[in-house]
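S.K.: Read off the chains here:
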Amino acid sequence: MSYEAVIGLEIHAQLLTNSKMFCGCSTKFGAEPNTQVCPVCLGMPGVLPVLNKKAVEFAIKMALATNCAINPKSIFARKNYFYPDLPKGYQISQYDEPLTKKGFIDVDVNDSKKRIGITRIHMEEDAGKLLHGETNEDINYSFVDLNRAAVPLIEIVSEPDMRTSDEAVEYLKALRDILVYLEICDGNMEEGSFRCDANVSVRKIGQKELGTKTELKNINSFRFIQKAIEYEIKRQIDVLEDNGKIIQETRLFDSDKGITISMRSKEEAHDYRYFPEPDLLPLEIDAKWIEEIKKNLPELPAAKRERFVKGYGIPQYDAGVLTSSKALANYYEKCVQAYRGQGVKGGYPSEGWVGGQEIPKVVSNWVMGELLRLLKEDGKDINQPSVFGLQPESFAKLLKMIDEGTISNKIAKDVFEEMFKTGKDPDAIVKEKGLVQISDESAIIKAIDDVLNANQQSAADYKAGKEKLFSFFVGQVMKATKGQANPALLNKLLKEKLSR
Amino acid sequence: MKLYNLTIHELHEKLKKKELTSLELTETFLKRIDAVDGKIKAFITITRENAIEQAKEADKKLASNKDITPLTGIPISVKDIFCTKGIKTTCASKILSNFIPPYDAHVIKKLKDAGAVILGKNNMDEFAMGSSTENSAFFTTKNPWDIERVPGGSSGGSAASVAANECAASIGTDTGGSIRQPAALCGIVGLKPTYGRVSRYGMIAFASSLDQAGPMTKDVTDCAIMLNAMAGYDPQDFTSINAPVPDYTKALTKDVKGLKIGIPKEYFIEGLDIDIEKSVKHAIDVLKKQGASVIDVSLPHTEYAVAVYYLVATAEASSNLARYDGVKYGHRAKDSKNLIDMYRKTRSDGFGPEVKRRIMLGTYSLSAGYYDAYYKKASQVRTLIKRDFEDAFKKCDVILTPTAPTPAFKIGEKTADPLTMYLSDIFTISCNLAGIPGISIPCGFTKDNLPIGLQILGKPLDEETVLKVSFAYEQATDWHKKRAGV
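First to last, the sequence lines map onto chains P and Z. By the numbering used here, the letter at position 293 of the first sequence is numbered 293, and the numbering carries on one by one without gaps. By the numbering used here, the letter at position 438 of the second sequence is numbered 438, and the numbering carries on one by one without gaps.
I should point out that these hints are in silico values taken from the structure, not numbers from a laboratory. We put the beta carbon where it would ideally sit given N, CA and C, even for glycine. Each hint should be verified, as a subset may be incorrect.
Straight-line alpha carbon distances no greater than 27 Å define the calculated DSS-like cross-link-like pairs of lysine-lysine that follow [claimed, not checked]:
| hint | chain 1 | residue 1 | chain 2 | residue 2 |
| --- | --- | --- | --- | --- |
| 1 | Z | K110 | Z | K61 |
| 2 | Z | K14 | Z | K66 |
| 3 | Z | K377 | P | K73 |
| 4 | P | K129 | Z | K328 |
Chain P stretches covered by chain Z per the calculated footprint, using a threshold of three residues with CB under 8 Å from any CB of chain Z [as the list claims (entries may be wrong)]:
| hint | region |
| --- | --- |
| 5 | 35 to 44 |
| 6 | 49 to 60 |
| 7 | 81 to 87 |
| 8 | 267 to 276 |
| 9 | 279 to 285 |
Same shape as in the complex, but just chain P (with noise of 0.2 Å):
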């Protein structure tokens, strides 16, 4: 019997405002315990919140960016539960009238578009943070930071659209994209700003009814999202064919051994006894406001994909990989017109063609390769300022170079792990390295002659008919020019040589 999966995900992300929800403490990330805090984030007695309108507006912004409709008034609730972390007994969230009516998400999976739909988007503040004792003066304690208190956050949550885990790591990313796109949320998994919980239920293929679900909860990467929600559906599927029944319940994602364990059940859920937070009033949003902010919204991922590809007829592939991040595409678009903007000799390529293919892709090839590459081995981030000691110009000179001749392909490789490194301007670098390349004929015959004369045998062997020798003569020729050597002049050289 075959089955599928229903996946739904309810996404949590931090907002990059200064101050928190309610109150005008700082968001920073880091900070000495406790030191982000006031009276109002303590939930001490007889304070009040005030809402922070910029938060407010990057949820609008979220909203617009994933095609949902803004509630004209929405209210913000209470949230009651008792835990350390959480200084007011309570959190102010909201519940049965929430920001967004409903929107969706278009993401490519597999090749293939897929409309996710989103159910809501909801405000409310983050809780603190519990660190517990691990020295043995402090085994038995807990201890309570209040940094994180009030910091606000959007709760995404998605129709129970998704098949496949997939599907759910697809939506996953470009909800991130669209989020770090739109400069209201760092993405940042690890730290925590972003953070997913997964609804899995399985049914037979054909089933109309949704099965019985279970919440995925501590999944704190893509790679986990993925391992947890295929344990998950793997689980599921195992206990139904053993005529078995699945618990409504939550689970917790344990990464070390790639399992769900189970938390709690339904009849040990909480009640929380939502109620409307008296000391807000409702949140009304004028269309005016909604239609400045929209205006001002940037081009979000999906959008710029697609103008990539079109505008610059890269393969989708690359605008995929290029777009993934806002930082990338801008450093690509900015060596794309710097490299359009030299002019090479004869003609090359202001006429738009390099080597067979247009500019737009060579450049697509060096960043996704050669710097992608570098940034990975040095785990720097293109969003960190230090990057663009690397110049686009600096970039497209390099490139140029290449197209005339300078150097060849191989060098330029190094030459730009240089330029990465150090920041400074390939003719520099080429000059100091005694890099350039050699396209003087009786120097590249002259090196032709002494490999030939050294291997007698090998050539006398390629003349019989062994012809996969050919690039044997061509790397130690590479060898003896210390790779120096004009490529295409070597190639018709030796090629002139061994025929005679």
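Start from chain P and add chain Z according to the hints.
M.R.: Just chain Z, lined up with the frame of chain P:
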């Protein structure tokens, strides 16, 4: 006439004319507290040193004639529900018995800015839950007119301190009658302003959608003076109203000719004390003689008010009081086995029986499966009660009723039966549910010489008319000049 018997406006004249310094006046009141508070027990904390400091500051201003307000140098007391920076603020609860706020409530700041001298913090029912101060975790305040009787509540300490002349005036809070009922029982003036007229910031919350701070004074003029200092928009309180604050003393014209006074039949019911009924009816005649016209109005949903109140207020309270968990401040039980045990012991130990009863009631009414039948239904009926007043105010300018159904009752008389106690607020609760202003002013005495309160309710943000009618009545009578013989 003893100094401590005088009103704010009388004392202000003396201070202004330099017949008296604030320091002398403050010391007079501190001596008065020393002399009578052992008997009355209106104060939880007396802030002697701070008061003397503030008095000296006020004297500097008075000497230089700079920044003088009608409150400069006037010694007042405040209910122990208002957070006072650096001064213990207990809300009459064991759970906050060691709590020292690092901030002043907005109202406290405004009164300090106006130059008032704060003598101390008044006793009350724990977390403002009660009508007699018998629910204080510390002690019961006595009624200055008869120390075997309660002063009313929850602002009973404030009312008694004013009635016993331990201060020139006080401030209280009113969630269902907690300013007006004790004002009535102690023979003073107590005003609950329109919801949102006075900032709630720093006032310890009982029921957020009902709580409102207000003045408790010896006469209507003082009430207007205090309200001038307390009222106004506060950006720290999202529910505070951003409307200009008039000079309320300008409303005190005695001119009530042509004003329409509504009398709701639902407030003259069985169980209303006969002396109270007589006094209130007499008050109506006094106002008629001054040119007001009197009409009958109906507030048909009045009978549901107490039930609605005890669902809405307790629901909000159950959530507001969740923060007292022993984690961050206040009382924490010792020797707990684990977190849940710590919560349970701290809260069992830290809250008194009435507070626990209300937390349980409120938790119940918000619980899954009961929410619709209780909290939600109550909220809907609350809207109907509000509408009753809107309809009535289309026909009249103010509504006149008794403040409380009975005069001050004996200490211990109602503690065994919470429901009987709840009915002490039967005439005051609707006003909070509707968010409108209401005042209680003295309108006579029972044959046992216990004060009687007259309640005047007004339209939203129309404290001026409420004060105008009150002043007209007051000036035609001399009940406000009577002082308890402590």
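S.K.: Does each hint fit the structure? Answer for all of them.
M.R.: Hints and how they fare:
no.: 1; hint: Z:K110 x Z:K61; verdict: holds, 16 Å
no.: 2; hint: Z:K14 x Z:K66; verdict: holds, 16 Å
no.: 3; hint: Z:K377 x P:K73; verdict: holds, 21 Å
no.: 4; hint: P:K129 x Z:K328; verdict: holds, 14 Å
no.: 5; hint: 35 to 44; verdict: holds (count 4)
no.: 6; hint: 49 to 60; verdict: holds (count 3)
no.: 7; hint: 81 to 87; verdict: holds (count 3)
no.: 8; hint: 267 to 276; verdict: holds (count 4)
no.: 9; hint: 279 to 285; verdict: holds (count 3)
This entry satisfies every hint, going by the numbered hints stated previously.
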